[in-house]
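With the sequences and hints as input, model every part of the structure.
There are 2 protein chains.
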Amino acid sequence: MSFSPLLDELIKSLQCLPGVGPKSAQRMAFYLLDKNRSGASKLSHVLASAIDNIGHCQSCRTFTEDDICRLCLNPKRQQSGQLCVVESPADLLAIEQTAQFSGTYFVLMGHLSPLDGIGPNDIGLDILATRLAKGNISELILATNPTVEGEATAYYIAELAREQQINVSRIAHGVPVGGELELVDGTTLSHSFAGRISIK
Amino acid sequence: MSFSPLLDELIKSLQCLPGVGPKSAQRMAFYLLDKNRSGASKLSHVLASAIDNIGHCQSCRTFTEDDICRLCLNPKRQQSGQLCVVESPADLLAIEQTAQFSGTYFVLMGHLSPLDGIGPNDIGLDILATRLAKGNISELILATNPTVEGEATAYYIAELAREQQINVSRIAHGVPVGGELELVDGTTLSHSFAGRISIK
Chain A
1 MSFSPLLDEL IKSLQCLPGV GPKSAQRMAF YLLDKNRSGA SKLSHVLASA
51 IDNIGHCQSC RTFTEDDICR LCLNPKRQQS GQLCVVESPA DLLAIEQTAQ
101 FSGTYFVLMG HLSPLDGIGP NDIGLDILAT RLAKGNISEL ILATNPTVEG
151 EATAYYIAEL AREQQINVSR IAHGVPVGGE LELVDGTTLS HSFAGRISIK
Chain B
1 MSFSPLLDEL IKSLQCLPGV GPKSAQRMAF YLLDKNRSGA SKLSHVLASA
51 IDNIGHCQSC RTFTEDDICR LCLNPKRQQS GQLCVVESPA DLLAIEQTAQ
101 FSGTYFVLMG HLSPLDGIGP NDIGLDILAT RLAKGNISEL ILATNPTVEG
151 EATAYYIAEL AREQQINVSR IAHGVPVGGE LELVDGTTLS HSFAGRISIK
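Chain order of the listed sequences is A and B. With the UniProt record's numbering, letter number 44 in the first sequence gets 44, and the count goes up by one each step, no holes. With the UniProt record's numbering, letter number 107 in the second sequence gets 107, and the count goes up by one each step, no holes.
Hints are computed from structural coordinates only; laboratory data are not their basis. Treat the hints with care, since some could be wrong.
Restricting the straight-line Cα-Cα distance to at most 20 Å, the calculated cross-link-like pairs of lysine to aspartate or glutamate (EDC-like) are [unchecked claim]:
1. K76/A to E96/A
2. K42/A to D52/B
3. K35/A to D122/B
4. K42/A to E9/B
5. K42/B to E9/B
Now the structure itself:
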């Protein structure tokens, strides 16, 4: 038993969304058809437009419909001399929301993963090397994820920067603010001891 | 801080889906742009086509892109004389998957809810009354949800059917198969005692 061919196709198409299985897709399809046809119609248009127009910023590789994204075009950010390397646009947004960083970014759109065939050029390290060679970067901040692949990627990029005599730093690992010591895992606690800061 | 205008609009549009908030929408947008542009493009087309073409079956009110759905057109089902009333197309599918019922359906697309201003004609009871008056229905099976609104709707429809001297039945409430007695709520257990069947 199935619904009408078009409804079946809609339910199948909705499953291209991450975390959406057959039951959720069915619920979404019924909801859109029954309660929110205008929202569905708008989603359809915006989705088509986004797929056609959104590409990567030529400077930092984040998603944008322009050649160069708004952050890269900001002259104040360009002059700061700080460049922060992150794995994804979501990481970029998380850092922007802290309002602590006013330099430019470089978004890898992934991390080095030789077993999956993802090498330096797949995460844009050739573009990053060109940016570093331009000579207007004073500090490279590595904000890749604290996973095995993220650490390996950070190490690889640090080598690239050292070749150009650029200062490299890595964001601190340690006990999350508001967390409880007894609930923090051993590796994180080790990092927080190794990275302790003297109180002046 | 926000992304590019088009990306912001995509993230906002994705929130028209049920159960999708800002964070999930962001994850979906990045996933589609990064990993599944062909799926997203297909979803956009199918969604537009579904919104334009899918309406309600003129006979049973379920979703279909045709005037009359395939279930209603099936002559064997028409001849069975049984008509099952459900609240939603998802309920219809659940019953179809049991393969126990071979009659036709009537989908209310909701339930009576005077407080929300949903009266008999909003759930198509005028269409149902016309179908009942045609005289080819021998049994009306009420399979609305076992909620207060579902029960009230079932009671209302039962009255409609009695006016036409049509047999009316309600699906049985009781202990779910595979469930454990001690975990079943009191109301359900009362129903299962009241509806006990003698073993022949």
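Results of checking the hints against the structure:
no. : hint            : in the structure
1   : K76/A to E96/A  : holds, 15 Å
2   : K42/A to D52/B  : holds, 12 Å
3   : K35/A to D122/B : holds, 14 Å
4   : K42/A to E9/B   : holds, 10 Å
5   : K42/B to E9/B   : holds, 19 Å
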